[in-house]
Amino acid sequence: MSVVFTLASRYRLDDELPWLLGIDPIRQYWLLINGSPEMRVGVPGLFTADLEEFKQVIRQFRELAPGDALVLPTASGLSQLLCLAPNCYAIPSEIDNSPVWHLFDRETLESLLMTAHPDWQCRPEDTALGRHALSKLGSNLLRFNPQKPHWDAR
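Following my numbering, the numbering of the sequence shown begins with 1 at its first residue and continues without gaps.
Computed spacing ranges between beta-carbons, pair by pair:
id : residue 1 : residue 2 : range
1  : Leu20     : Arg62     : 18 to 24 Å
2  : Ala75     : Arg40     : 16 to 22 Å
3  : Lys55     : Pro86     : 21 to 27 Å
4  : Arg62     : Asp96     : 30 to 36 Å
5  : Thr127    : Asp50     : 19 to 25 Å
In case anyone wonders, no lab produced these hints; they're calculated from the structure.
Virtual Cβ for every residue (Gly too), placed ideally from N, Cα, C.
Between the sequences and the hints, there should be enough to build the whole structure, so can you do that?
Quick look at the structure:
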């Protein structure tokens, strides 16, 4: 029996396909898998309590070497960030009960992490993403599994 392992797209700031739908107030990154509006997922992003914690996490991220992992505090608990290569990082997740890694280059991931700065504010239209996610909680379309810290949007 073989283990199925699926990789999601690698996201770059200069991608031709739109992949970042938005970032909601709790720093959840809303991604379009392969640019497809039908494959929208929320990936919990860095969420810090204060500026010093933010600076510490950014320093730790910048010091990651291939094979290293960093546990990120998020609004929903903890998330893991993996350094796979000098310019390749992964955030493990699950889509349709299949494991995936959302892959990012360094510049893109650092830009996303910077949204955890206490002074950062999301776009007004991105507030609706967070509201939409919260409205789905009651109908069990958005689930959180503490053993695998991530949000799974369907």
